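Asks: Take a look at the letters that make up each chain.
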Amino acid sequence: MSEMTLISKRYGDLVNFTSKVNKSVIIIKKRSLLAEASNKKKYPKLEVNEADFNSAKESLLQSLIDLENLAADTEYNNKLIGVSESSALQNLVIKNETDRREIEAIVQSLKEDKPLSKSNFLMLDKIISILDTERNLLFRKLRTARG
Amino acid sequence: MISFIKGLFIDLECRVLRMNSQLQSKNHHPDIQKSFVPKTIEYLEELDSFLQVKIISGDLDIEFLANNNMTDFNQYQEWFKNLEFYRFLVIQNYKDDAEGYLNKKIRKIYSEIKHLANPPILTTISNSNDYYWAETFFEIIAVPFGEEHNLLNLADLYHEIGHLIFRQYPDIVEFKLLPVLNSYFEKQIDLSIDEKTNTYYVPFFNEKRNHWKEYWIEEFSCDMIATYLCGPAFAWTNMKMSALSNRDKAIYADSPSHPSDESRMRAVFMMLDKSGFSSECREIKKSWDQFLNHINNPKHPDYKFIFPDDLLDQLSTIVFDYCKGIDLAPYIEQIGTHKTTISKIINDAWYELHNSPFEFERRQKEMIEEIKSLI
Chain A
807 MSEMTLISKR YGDLVNFTSK VNKSVIIIKK RSLLAEASNK KKYPKLEVNE ADFNSAKESL
867 LQSLIDLENL AADTEYNNKL IGVSESSALQ NLVIKNETDR REIEAIVQSL KEDKPLSKSN
927 FLMLDKIISI LDTERNLLFR KLRTARG
Chain B
33 MISFIKGLFI DLECRVLRMN SQLQSKNHHP DIQKSFVPKT IEYLEELDSF LQVKIISGDL
93 DIEFLANNNM TDFNQYQEWF KNLEFYRFLV IQNYKDDAEG YLNKKIRKIY SEIKHLANPP
153 ILTTISNSND YYWAETFFEI IAVPFGEEHN LLNLADLYHE IGHLIFRQYP DIVEFKLLPV
213 LNSYFEKQID LSIDEKTNTY YVPFFNEKRN HWKEYWIEEF SCDMIATYLC GPAFAWTNMK
273 MSALSNRDKA IYADSPSHPS DESRMRAVFM MLDKSGFSSE CREIKKSWDQ FLNHINNPKH
333 PDYKFIFPDD LLDQLSTIVF DYCKGIDLAP YIEQIGTHKT TISKIINDAW YELHNSPFEF
393 ERRQKEMIEE IKSLI
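In order, the protein sequence lines correspond to chains A and B. First residue of the first sequence? That's 807 in our numbering, and the numbers climb one at a time after it. First residue of the second sequence? That's 33 in our numbering, and the numbers climb one at a time after it.
If we strip away everything but chain A, and leave its shape as in the complex, we get:
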């Protein structure tokens, strides 16, 4: 079955992880838009219930903690193999001090129930973009790794 099994597993990991992070960020972003009354007029369908918001916060918090833990713990890597083998993400959470501090700030805000700032959202978008690219790379590899 060649490389296919390996890549397929990493791809599956990344699909689930990216989807989880993205879904949570969408809900939290929508909630932040609702803080301005004008947005409710601008986007009539915009609404987020309390349960969905709390679950999104918890899920995002766990995902960010997972990312932070990738730095040192090899057993942790096994659980998130597709994510852990992303060099771009490794650079983000391990090597780039500014980005790492920004992630820590988001984690802190989520823990303390504080609203996220514009720069927090930019950082989350950056993480999602990296995950999206990495997932797509694996998808392409999957197509050339059969055999």
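Rather than coming from a laboratory, the hints here were simulated on the basis of the structure. There may be inaccurate statements among the hints.
[Claimed, not checked] Below, a sample of chain A positions facing chain B; criterion: calculated Cβ distance under 7 Å:
(1) K835
(2) D931
(3) D938
This one's a predicted model, so the numbers in the text were calculated from it and none came from an experiment. In this text, a Cβ means the ideal position worked out from N, Cα and C, and glycines have one as well.
Chain A is already provided as a structure; the job is to place chain B on it using the hints.
Replies: Same frame as chain A, but now just chain B:
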């Protein structure tokens, strides 16, 4: 930007609906009409429901969510491409003389090996380079285009079937081997600490142990299941594949997903021996040893630590008991129960190749006709 992203979603939904409509608009081959086509339609409808939710949610009108919407779109687009490749193309390419024949053959194999699960769909959407591969989620095994005219690679079909069997009961083998595996690597790590070589060896052993756990146990197990089911022919087919690896001087090389060809051959020999084919095992091993000597591939000094005989031997015992435990019929039982089996014909094909190579093409055609008469 907003209208562009929304347009992408709507265009993708059109494609999904069109594919669905194409599948529903005609009758397909009976082999796939009953289950494979309806399941594909179900997958398409599921994807369509996700797209519809997204389109009517209002999220696509929010510029602040543009990045997130594109991420969702990319994921749905990949899901669509998977359905197109692993299901839709398989359906569209289904021909009676190739797929029809191959699927009758795999159904007969399942009956001969006494495996009670539903066989996967065989498709010829692969090629000689990509060779045989299984996509367990989409329940297909792909073989090279034109493979219905060949017999010598067919033993590898049993390896792919091995993956499907292994995925049904993955914990049984791992539960028994993991303590042995951990104990072996812990011992090696302790030795490296005593010898003060641990800076290099601890990461090395941990990496190899992880590869064993994640992929190699399954890969070795599938080779062993194939040997149990198809007998000596699998050893010859595996040797053929290893000979092809020799182009890269890679007989002793491992990868995260695959153990080395050399260790896989040893594993196959151990299972062949356990399955009652000692003399055949000796004969093939003699050829293999000559082959190894002749090609003289480079071997890393630490190679001996990665695939020790003792681990492979214990795994072969576990897999042998596993196959017995789930009542799979070994090759020897198949040929005792049935007048002619697919596995026997594959073994005969290898015999013909060795003994009458210039008659092989004619004999292969006759043997394929024989299979057709059996199914």
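Asks: Provide an ascending list of the numbers of those earlier hints which the structure does not satisfy.
Replies: none
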